[in-house]
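**Q** Sequence:
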Amino acid sequence: MSISIFLGLLVGFALFWRIPDCTGAKPAQTGEKVTIIIPARNEAENLRKLLPSLHGESAEVIVADDQSEDETAAVAAAYGAKVIQLPPLPQEWLGKSWGCWNGAKAASGDLLLFLDADTVMEKGGVQRLLHRFREERATLLSVHPFHVMKHPYEYTSAFFHLIVFASMGAFHLLRDMTRPNGAFGQCLLCRRKDYFQYGGHAAHPPALLETYMFARHVMKQGGSVAHVSGRGAVSMRMYPDGFSSLAAGWSKSFAKGAGSVPLPLLVCILLWLNALFSWLPYAAGFTSAAGILYALFSLQLYLTLRKIGSFGLCSALLFPVNLLAFLCIFSLSAGKTLLLRRVGWKGRMVAIKRKE
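Numbering-wise (the UniProt record's numbering), the sequence shown opens with residue 1 and increments by one.
Since the hints were made in silico from the structure, they are not lab data.
Check before you lean on any hint, since a few could be wrong.
With a straight-line Cα cutoff of 30 Å, these simulated DSSO-like cross-link-like pairs (lysine-lysine) come out [what the hints assert, rightly or not]:
1. LYS82 to LYS193
2. LYS220 to LYS123
3. LYS105 to LYS49
4. LYS33 to LYS105
5. LYS123 to LYS33
6. LYS150 to LYS33
7. LYS33 to LYS49
8. LYS150 to LYS105
9. LYS82 to LYS105
10. LYS220 to LYS49
11. LYS220 to LYS82
12. LYS150 to LYS220
13. LYS26 to LYS150
14. LYS193 to LYS123
15. LYS123 to LYS105
16. LYS193 to LYS105
17. LYS193 to LYS220
Use the sequences and the hints to build the structure in full.
**A** The structure is reproduced here in structure tokens:
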């Protein structure tokens, strides 16, 4: 059996060496005011879940309504959030960046917590995030919400999450010797003064992966970014409307992300993926070596995925199915990126520029 498979297995353990989360974080008591900013376009249903979860948190809540065609504004107001109606989207901006930027300008808090509308805060979650923020002592705290799944198709997100975590370059064995590669997009915490000092989302208004590009800009200017899993603080349901929604969402996220990974990190990810794909033909032989590798890959995936979402042992054992789903959706994303140069999202066609 090829030595490259064993090498890729070891590289995988190194890529996901340590993923900190919020389960051990104690609620932080502080006199600083927090503003939660939620950019929203047609998010009425999601807000009915998110906003009640924020009750009890001592925070100003702003919903930046981006010309929604549903009851987004009414739902937000009913739950006591401050609603701002966004001005028409400028040609050089994308919707979420525009919402975050205008929400930040309307905020009165010392700390800004940007949240996607499809997230849900656990009880005391904001205070746990503040604890992590102070503990990490970074300019930005980037949080990947814990992925809660209810339907079988949702578990096909497994390898997308793994690639996202690996691509950040924040969890590998040599992370203390390198700089991370960006930030997660769903949840970001920072000081208001730092946000505007570094230009906020206006620094890269056309960026398809807005928070990712803002974090890269902050690091280039001398700031720092810390990364944690949201387990114990904030969770999310991703694409609950069906497999087509899941495919479209991940296509949007991967359309530009794959080309932004540093070469050494990309090589490591490819070595790991190559090992997984290379194992598949050996599996048909039912050899003892193939069985040992299957057990080791399954263990590796189980230990990692449980920090990322509600993936159980079954998800790890069925990794070949999720691996093939990843290949199909990623191929679709690559085709749209290279040929069509655009992806669809939230009722808008988003053009993908060659350089940002």
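**Q** Look at each hint and say if it fits the structure.
**A** Checked hints:
Of the supplied pair hints, the one linking LYS82 and LYS193 holds, its CA atoms being roughly 21 Å apart against a limit of 30 Å. Of the pairs offered as hints, the one joining LYS220 and LYS123 is violated, with about 35 Å between alpha carbons and a cut-off of 30 Å exceeded. A distance of roughly 25 Å separates the Cα atoms of LYS105 and LYS49; the hinted pair therefore holds under the 30 Å criterion. Under the criterion of a C-alpha separation no larger than 30 Å, the hint pairing LYS33 with LYS105 is consistent with the structure, at around 15 Å.
Only pairs whose Cα atoms come within 30 Å are accepted, and LYS123 paired with LYS33 is accepted, the gap being roughly 18 Å. For the given pair, LYS150 sits about 35 Å from LYS33 by alpha-carbon distance, which is inconsistent with the 30 Å threshold. Pair hint LYS33 plus LYS49 holds up; C-alpha atoms about 23 Å apart against a cutoff of 30 Å. Taking the CA atoms of LYS150 and LYS105, the gap is about 37 Å. The hint is violated against a cut of 30 Å.
The suggested pairing of LYS82 with LYS105 holds, with an alpha-carbon distance near 13 Å, which does not exceed 30 Å. Under the criterion of a C-alpha separation no larger than 30 Å, the hint pairing LYS220 with LYS49 is inconsistent with the structure, at around 37 Å. Distance hint between LYS220 and LYS82 is unfulfilled; the C-alpha atoms sit about 33 Å from each other, more than 30 Å. With a C-alpha separation of about 40 Å, the suggested pair LYS150 and LYS220 falls outside the 30 Å cut-off, and the hint is violated.
Restraint check: the Cα-Cα separation between LYS26 and LYS150 comes to about 29 Å, which is no more than 30 Å; the hinted pair holds. Taking the CA atoms of LYS193 and LYS123, the gap is about 27 Å. The hint holds against a cut of 30 Å. Between LYS123 and LYS105, the direct Cα distance comes to roughly 27 Å. Compliance with the 30 Å bound is thereby established for this hinted pair. A threshold of 30 Å between alpha carbons decides the hint, and for LYS193 with LYS105 the separation of about 11 Å falls inside it, so the pair holds.
For the hint linking LYS193 to LYS220, the alpha-carbon distance of about 18 Å falls within 30 Å, and the restraint holds.
The structure is inconsistent with the numbered hints 2, 6, 8, 10, 11 and 12, although it conforms to all the rest.
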